[in-house]
Structures are given as C-alpha cells and as structure tokens.
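Peer 1: Take a look at the letters that make up each chain.
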Amino acid sequence: EDKVVQSPLSLVVHEGDTVTLNCSYEVTNFRSLLWYKQEKKAPTFLFMLTSSGIEKKSGRLSSILDKKELSSILNITATQTGDSAIYLCAVVRHFTGNQFYFGTGTSLTVIP
Amino acid sequence: GAVVSQHPSRVICKSGTSVKIECRSLDFQATTMFWYRQFPKQSLMLMATSNEGSKATYEQGVEKDKFLINHASLTLSTLTVTSAHPEDSSFYICSARLWGNTEAFFGQGTRLTVV
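Chains as they are written, first to last, in this note's numbering: chain A, 3 to 114; chain B, 696 to 810.
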C-alpha cells in the first residue's frame, strides 16, 4: 500500500531556531515530491523535487530529495513566527492522472 | 501562478439538505481537478479525481452517491454533498492541474458545518 509519512507530527521551536522536517514515502511509479505550507486555508506551493540530491532553495527554506532513501527533508533556518503552519509533502505518481498523495503533515509552531 | 477560486468559503446547512461547492480555474483550463477533505490538524485526504467530460474517479471508501462530482467544463468542477449529516462537517478543498503540469493549484477551501 502506498504511503507518505511525515515526521515529526508537531514541533514547537523558538524564533531563530533551525528546523528540519522529514517526509518519507513508499509509492510505486514515483514521479515527484512537492512541499506545501498551509496556514489557515489553501496550501501554498513551496518546492517540487524530481531529481535526487539537488537542493532547492528559497530564502530561508531549502529542500532536497533522496530517492535512494525514499525521503525528502525541508529545512527552515532562522525561523520566524510567520513560519508557523502545517507543512505538507505530497507525492505524485506516474500513470495515476498525477494524483497527489499527501503525507500526514507536520504542524510547526514558532514561539517569539 | 494560476488562480483557483472555490466558493463558498464557508457554509452552514441543516442535516438532510444538500450543499454544492464550486471550484473554478480562473486563468487556465484545468483538465483535471481534485477534491480533498481535511479534518482538524490532519492532512488532506484525496476524495476523488475529476476529469472534464468524464466520470470522476473516487478513492476507496468515498461514497460516490454521497459526494457527487461534476466537471462539466474545463474551468469548473462542482462537489455536491447530498443529504448532509453532522459527520460530513469538514474542510473541503479543490485543486486544479494544467495538462502535462505536475504542480497543482489549490482553491481557498470550504468550511462545511452541518447542524
């Protein structure tokens, strides 16, 4: 059975800390992995990862995919209270109409 | 990025009534739209995939007669929750995808409360 698991489920840190969120997957016909940030409503796109070992970076956020380990990490450095959100990873498979299979999510709370 | 509009953002209805939620792609044609359900502090659960002009594909455990999906045009998909019950109360969110593009764009979601 396909599954996408994120860890930790929740995390509370202080402003300025660095956090690493994990996403591991067991899916057939893997195509790509995406990271989203969800605050109160719709998830907003962060990264799409297709190739292993290539880091994608946007400001204080970065992410990398390890196809050998079937996992990805999302790093946030110098966290701010505005980073508080649920972080979702989603895996897209070939041959399934490109459906998204979301992970369990990590709830991040950044305390001032 | 592309814009997906979902309406209404919030709805309260009585048990036994039906509620229709619309999902529109505003500046692109979406051949495929996805409908998700999200419980508090949980991830998005894929309910169904709808392709324009054909029947929706439902995920296991999702009642197709309960959650009617219509994708009548390349810019509009609707989800109708029929004979709603309090356990149907949830956050429903749609996403749309451009043909050949992996990235999906999300609507703002609909908070459904059945009383």
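No lab work stands behind these hints, which were simulated from the structure alone. For each residue, glycine too, the CB sits at the ideal point set by N, CA and C. The reader is advised that the hints may include incorrect statements.
Claimed, not checked - With a straight-line cut-off of 25 angstroms between C-alpha atoms, the simulated SDA-like cross-links for lysine to any residue are:
#, chain 1, residue 1, chain 2, residue 2
1, B, Lys761, A, Ser12
2, A, Lys43, B, Gly748
3, A, Lys42, B, Gln803
4, A, Lys42, B, Met740
What the hints assert, rightly or not - Far from chain A, some chain B residues (derived; all Cβ distances over 10 angstroms):
#, residue
5, Ile707
6, Gly711
7, Ser713
8, Asp722
9, Lys736
10, Ser738
11, Leu739
12, Thr744
13, Lys761
14, Pro781
15, Glu798
16, Val810
Peer 1: Indicate, hint by hint, whether the structure satisfies it.
Peer 2: Tested hints:
For the proposed pair Lys761(B) and Ser12(A), the alpha carbon gap of about 33 angstroms is over 25 angstroms, so the pair is violated. With a C-alpha separation of about 29 angstroms, the suggested pair Lys43(A) and Gly748(B) falls outside the 25 angstroms cut-off, and the hint is violated. Between Lys42(A) and Gln803(B), the direct Cα distance comes to roughly 9 angstroms. Compliance with the 25 angstroms bound is thereby established for this hinted pair. A threshold of 25 angstroms between alpha carbons decides the hint, and for Lys42(A) with Met740(B) the separation of about 17 angstroms falls inside it, so the pair holds.
Non-interface call for Ile707(B) relative to chain A: holds, since the shortest CB-CB distance, roughly 17 angstroms, exceeds 10 angstroms. Every Cβ of chain A is farther than 10 angstroms from the Cβ of Gly711(B); the closest lies at roughly 28 angstroms, confirming the non-interface assignment. For Ser713(B), the shortest C-beta to C-beta distance to chain A comes to about 24 angstroms, beyond the 10 angstroms cut-off, and the non-interface label holds. Its beta-carbon lying about 16 angstroms from the closest one in chain A, Asp722(B) satisfies the requirement of being farther than 10 angstroms from that chain.
Not every CB of chain A is more than 10 angstroms from the CB of Lys736(B) (nearest about 6 angstroms), against its label as outside the interface. With a closest Cβ-Cβ approach of about 4 angstroms to chain A, Ser738(B) is found to fall inside the 10 angstroms limit, against its non-interface label. With a least CB separation of 5 angstroms from chain A, Leu739(B) falls inside the 10 angstroms interface cut-off, contrary to its annotation. A Cβ of chain A approaches the Cβ of Thr744(B) within 10 angstroms, the least distance being about 5 angstroms, so the stated non-interface status is violated.
At the 10 angstroms boundary, the C-beta of Lys761(B) stays outside the reach of chain A, the nearest C-beta of that chain being 20 angstroms off. The beta carbon of Pro781(B) sits about 22 angstroms from the closest Cβ of chain A, which is more than 10 angstroms, so the claim that it is off the interface holds. The claim that Glu798(B) lies off the interface is violated: its Cβ sits roughly 6 angstroms from the closest Cβ of chain A, which falls inside the 10 angstroms cut-off. Annotated as non-interface, Val810(B) keeps its C-beta farther than 10 angstroms from every C-beta of chain A; the closest such distance is 22 angstroms.
Hints 1, 2, 9, 10, 11, 12, 15, counting from the list given before, are not met by this structure.
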